[in-house]
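Trainee: What follows is the residue order along each chain.
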Amino acid sequence: MDNKRGLGFYIHLYKIILTQDLKSKMSYRADFIISTIGMVFTNVSGFITFWILFQNFPSIAGWNYYEMLFLYGFSLLALTPVQCFFDNNWNLRSHIYTGDFIKYCLRPINLFFYYMSEVFDMKGIGQFFFGTGTLYYAWNKLGIPFTLKNLILLIISFISASLFMIALMNLAAATNFWLMGSTFVMIFAFKFKDYARYPVKIFSRVFRFIFTFIIPIAFVAYYPSLFFLKPDEIPPLTYLSPFLGMIFFYISYKVWMKGALSYSGTGS
Amino acid sequence: MTNKKSFTLNKYFSLTKGSIMESLSFRFSMLITVIGNLIYLIVIYYLWKAIYASSSSEVVNGMTFHDTMIYLVLALALFNFMECFIVWSIGRNFQTGQIALELIKPMDYQVFCFFANSGQYLISFFTTFLPTLIIVYLITKGGFALSINLIYFILSVILAIVINFCVDFFVGVICFYTESVWGVNIMKEVVVALLSGASIPLAFFPDRLRTIVNFLPFQAIYNSPLKILIDKSLETKDYITIIGFQIFWVAIMILISRIFWNVSKRIITVNGG
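Same order as they appear, the protein sequences are chains A and B.
For the first sequence, position 34 (counting from the first letter as 1) is numbered 34 according to full-length UniProt numbering, and the numbering increases by one without interruption.
For the second sequence, position 93 (counting from the first letter as 1) is numbered 93 according to full-length UniProt numbering, and the numbering increases by one without interruption.
Bound-form chain A, shown alone (with noise of 0.2 Å):
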């Protein structure tokens, strides 16, 4: 039945709900700027994280101070969809706890959708421009040429690589479904946002192959940034990385709809 409804049905109804959104956030400004202002001061964070690493070590494994912001800056940007478009995940607990969740089983929409589109999460915006703002810095001091190739395979990796911590905190937020609040299992998946912006070479054979397919950070931010970074050695993965996003998307997607469609409510 869902699938019936087309695309175009689908981002109508996103804008109106996300205006809904938007109207109900404006009303505590003050919050958005200070949050705002918060995420931007752990994105400053990091950037000078690696400006006092680099003021003492030449380099990380072969990769200069450039080369590592531009990884951190692709990181932030690919890291924004998650917290702008999926931040609802983290309140999933709290609907299913209170018996709150039942009403989005009840419309005859995409229930995946319409829990998702209830809350847009702000904060991403500041962090959205501070990884442009980065990205740009380190691209120009690399000299990477700004061709238009460049530009659609930025914005086609950019997309694919979001997906990877969209599936990722999808499934986290799932197992909410199955065990009895599960933010801890969503705080855990959470902190491998931060270990994406190092080049998964540091990491030993098991490591490296943990960050590639078990919990599969390396696509976040290395893998794609090889597109531009190392052009002369760029391995298969990267061009797979696409694929894998979407498979991985939809599994999570699958995962976590399997839950919900499970979901009996609190009986009350």
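Be aware that a few hints might be false.
Which bits of chain A does chain B cover? Going by a derived footprint, with three or more residues having C-beta under 8 Å, they are [stated by the list, open to error]:
hint	stretch
1	112-118
2	179-190
3	202-214
By construction, these hints were calculated from the structure, which means they are not laboratory data.
Glycine included, C-beta positions come from ideal geometry on N, C-alpha and C.
Once you've looked at the hints, dock chain B against the given chain A.
Mentor: Same frame as chain A, now just chain B:
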């Protein structure tokens, strides 16, 4: 008939299942937290290994790879030990009005907050910090000295807790003026983690930045106790200097946070009951 009976039992079994899940969930959360910390340690291990591999000398700013790892592991243990969510509890109590009930208690609110959290410090000292310390000591086969410095270290940690608490309390009171608890809290976390030397040892900071950081209270939270524990070259007079600085900051932070609290608590009356 039998069908019906098993059906009625089923509804009770679902309660069993629920209670099993609830109690397992607690154990499971402990396990996941430990695994999360382990993964963090693995990541920083490989990260710093790669960083040191790029350097031409083994000792950078007086720290070897070994020293850096001991420092960072213990910093993480200290961090877990001192984490106490006071900003959240003050911010939330203010927003819900719960704080009014705590104010009518015949106790000083700041001291009340401290002791309400003190049990947590004690528990996490024995469950997280002490085991980590022992494991690190055994793995590194005496990577840090165990002598008179332990007494200074314990004293230093207690002072660090008080400074950390005052920072948290101060930031919690800031929430009276803002609508945001999340934003204020994350700013505090970032500033403390960076400027205290919890994420990168202060020894790596460029000179000018380190001079500034030395004049701030944050380094007294992580850097001071860790330095006392790890640095084998310190003498009695160095220990006393470090502790003296911490005492100075304890006094300043208590003073500042109390003044700020006394000015700010007037706002609370507006909320009423």
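Trainee: Test coverage of the stretch 202-214 of chain A by chain B using CB-CB distances below 8 Å; three residues minimum.
Mentor: With 4 residues closer than 8 Å to chain B, the stretch 202-214 of chain A meets the three-residue bar; holds.
Trainee: Are there at least three residues in the stretch 112-118 of chain A whose beta carbon sits under 8 Å from a beta carbon of chain B?
Mentor: violated (count 0)
Trainee: Against chain B, does the stretch 179-190 of chain A show at least 3 residues with beta-carbon separation below 8 Å?
Mentor: Answer holds; 8 residues pass the 8 Å Cβ test.
Violated hint: 1 only; the structure is consistent with all others.
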